[in-house]
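*Asks:* Using the sequences plus the hints, can you model the full thing?
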Amino acid sequence: MSIGQTPQRMGFFTDTSVCIGCKACEVACKEWNDVPADGLDLLGMSFDNTGRLDANSWRHVAFIEQPVPPKPGSDDSGDMRWLMMSDVCKHCTHAACLDVCPTGALMHTEFETVIVQSDICNGCGYCVTACPYGVIDRREGDGRAWKCTLCYDRIGDGLMPACATACPTQSIQYGPLDELRERAEARLEQLDRPEARLYGHDPGDGVGGQGAFFLLLDEPEVYGLPPAPVATTRNLPGMWKRAGWAALTMAAAVAVSFLGRRP
Amino acid sequence: MAEAHPVGFQWVMEAKARGAKVIHIDPRFTRTSAVADTFVPIRAGSDIAFLGGVVNYILSNELDFREYVVAYTNAATIVREEFRDTEDLDGLFSGFDEATQAYDPSSWQYEGHQDHDPEHGHAIRETAGGLRHESHGPPVPAETQRDETLQHPRCVYQILKRHFARYTPEVVEQVCGVAPEDFAAVCEAWTRNSGRERTTALVYSVGWTQHSVGVQYIRTGAIIQLLLGNMGRPGGGIMALRGHASIQGSTDIPTLFNLLPGYLPMPTAGKHDTFDEWADAIRHPGQKGFWGNARAFGVSLLKAYFGDAATPANDYGFGYLPRMTGDHGTYQQVLSMLDGKIKGYFLLGQNPAVGSAHGRAQRLGMAQLDWLVVRDLYEIESATFWRDAPEIETGEIVTEECKTEVFLLPAASHVEKEGTFTQTQRLLQWRQKAVDPPGDCRSELWFFYHLGRLVKDRLRLSTLERDRAVRDLAWDYPTHGVHDEPSAEAVLREINGYRVADGAVVSGFAELKDDGSTACGCWIYSGVYAGGVNAAARRTPASSDDPLGLEWGWAWPMNRRMLYNRASADPQGRPWSERKAYVFWDEAKGEWTGPDVPDFEKTKPPSYRPEPGAAGPAAIAGDDPFVMQGDGKGWLFVPSGLVDGPLPTHYEPAESPVANPLYGQQANPTRKRYQRSENPMNPVRSEVFPFVFTTSRLTEHHTAGGMSRTLDYLAELQPAMFVEVSPALAAERGLEHLGWAHVVTSRSAIEARVMVTQRMRPLRIDGRPVHQIWLPYHWGTSGLTTGDSANDLVGIVLDPNVLIQETKVGTCDVRPGRRPRGAALRALVDDYNRRAGL
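These protein sequence lines are chains A and B, in that order. Take the first sequence: its position 46, counted from the start at 1, is 576 in the working numbering, and no numbers get skipped. Take the second sequence: its position 517, counted from the start at 1, is 1063 in the working numbering, and no numbers get skipped.
To be clear, the hints were calculated from the coordinates, so they are not data collected in a lab. All figures in this text were calculated on a predicted structure; none of them were measured in a lab. It is possible that part of the hints are untrue.
Short derived list, chain B residues pointing at chain A, Cβ under 8 Å [unchecked claim]:
#1 T1256
#2 L1260
#3 R1305
Where a beta carbon is used, it is the ideal one built from N, C-alpha and C, also for glycine.
*Replies:* Set out below in structure tokens:
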């Protein structure tokens, strides 16, 4: 990027159809960002011992292990499917976490990614409840909120984020969001599987489109993703407006009631 | 492959994106199965039955690539009349010797080779002689009798057809538990995707070798690939994925007891007393092919070892080389330790207390040593067994009484030293040192150079005959830096070879001489430093002008990226098809050409025919692509060099829940056994040990765990030892998800957390259900995450050709709850063994 040029919006396209569940993204993310280890807990959730995205896991590979539903009229085939998906902060266009942040610690960067400035965060935790995906989280013992930065300290220097660099199968692709959306449409067409779909690619959705979107092989709920996420702050202006009218009406009523008392 | 080789698996995913069909055959549903087009579950240990079924499908439907098969394989070669097949002898080939449990392969020879005296199976087994054939086939006389109509009843094609005729889809179902429709789908896909226009690659990971019939597994794959014309052609081949970086390198320049660099055999006492005896045993005067130059390779190696002290008068120091007297393999060594015959041991980046079969024998053996040197990145279990082995708990090792003195020396990691890795494509890639090793950590090169220097210094004034070999060693490498690090590049230069007189590097092994005028540390690597350029360090990526990236690193031999690539052209030298054009004959220029370095004499035309009685390279005809084979052909039938038979045949694993459905012969009759009280084997069809277990790796950990259980970012991803069982077995045995279970064999019992998963499923074998369980083998007693070692369950029984252990299949029992502690652990195992009749 040369000086004076407006940077493009950058993002992730995570193609779960080629994810092999190696978790290199999780490890590379922790290495680069110095994210603390999370403890030795055998969760029994297939090969997933990370569990979820939180302050200490900014990439999380979900493993969905299920019998394939038998085709109509046939017996249980015993066939399995094992879906894997590397989840991450969605870097929403309309980021509720950012809207509710009272200190301005959460911000949109010049790449239109969403980051927390840890030196400004006061640990109030409003963002945690605001995120429609349950991504951002406060770190125990530290109190501040942490999440994926889309490797803000790499992409400014022209490097790829650590997870995308480590991914052996190019399941995690990084680039200008416009390009990624085109690439994802082409991939969907090439894949030609009726169950495949894009998730979070649509600027018209409840968060104005995700900066990190996905190709999934089933309903989002199967992966633990909300089917129709909405920025929790989306209706805030309307709500304030209604609250304002209500207040005015109340004030008018009060005034009228006083007027009516005149002898 | 996705589990153990995720980085290499990117190419499979790329091929899939371009339309390749990926078929995965495995006892359990893995991360590879998850993205494969087809997954076929199979019983562990039944692969020859499966692949034999594919061979039968090809032959009975005449789907072989006939022109390739006739011209390039030994299908047309006639075999001696005395040969008898397993079909005639109920699972044995002719020549079986009960006394040695090995074959005399005389009757397997080609017709007309009556005078040829092939090495007896017993001798090959004792020295893992099969390893010698990694770069070339075993010797056979050049002249063979052929019937290119393939009709002669004793031609290899007909023998093959009869041998595999019984491997029907029904037999595959009976032995492997594979449904006929799944099997048919694999056969159809494989054959349809092979021929002139298309090729299929067969990929395996080292687990495939870890069977008492491991070599024959790969042989069966090789037969299929030869029949379908998938060898020496782009997109074909058999890809052996190695378990560690540079495993290929450690057989090329070996860490093995039976090989010298470049697959020259270690001499055997009484057989190879002089240099001439040894060299003639390699080159076989009169044989076809490139081993005719063995004398030059041998003399040049001795000149590299002993420098000026190697002279014609002393056989170039040949007498200094150690001699084999029998089996000195790693498992024999452990048993010799138990017997007090071995006093000292070096372990370099190896953790046998966790990573080798029969962990208890490994640890008890090491506890009998006087001294043990461990060089590793971490304080691994093999360095701490004297204080935290499971045998401390059982009282079998008592810390205060354990006499082993352990020297733990910290090692530099791969980013802290320079040198080469040789990967599975035989590609040498140079590593730069990124950072200095911390503290006292040092490279292997530093350790051995200075150890050798100090030992030599100690022996400087010795007059003892036994010390002369060390005193005469040429041991002069330039060093640099504060720690006197030897120059790895100087070592690579010596490996490449040079002229003794002026020190000029040679450009390849063709320049090596047998008169002492050249020195070369490894003839197959000769050329890696040609012109004084470190070719392994080249980093020019592939381009449209150079699609193979010939200037990225350097592949042996002579930078060929695909072996036997003459087979990518038809006998007349034309590409089999435009789509699969690779190396072909350019009539105008009078030479072989193409994107790769031709694996053939560059100007030998396809029409070349040797004079009768020719030997060495001159005996190879212009249409014999398999130039390192004694007859220039790809071997469907192996007349000598294998211990367990000229053809693969289905034997049950040494431990099996079923009787061999095919033959009276239950298991590989020639498997290497060590019948000792500490190494019992579970009986066949034992009700005490009713289940099949198999072990392998998780992506998140590395082998014996020394480099992953010690790192928090990796340990947290797979934080506990576990065992995978099917829901059906969990119900049968009362196992609870995430609860504890213990697994018992006649060697030991280990405990693990239970993972109930539908990725494991029972199979129907020979009419009854067989349960398989799966265990990762990464855990041990030290590191951030600790647990019992799966290898404690495994007994020591080996493939006879290369002496690799059968770690991938055995029988066991599994019970809910933790295993007993202390002396009660041995009591439990003893009770099982008593009930099993052991």
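*Asks:* Run every hint past the structure and note whether it holds.
*Replies:* How the hints compare with the structure:
no. : hint  : result
1   : T1256 : violated (12 Å)
2   : L1260 : holds (7 Å)
3   : R1305 : holds (6 Å)
When each numbered hint is compared with the structure, a violation occurs for hint 1 only.
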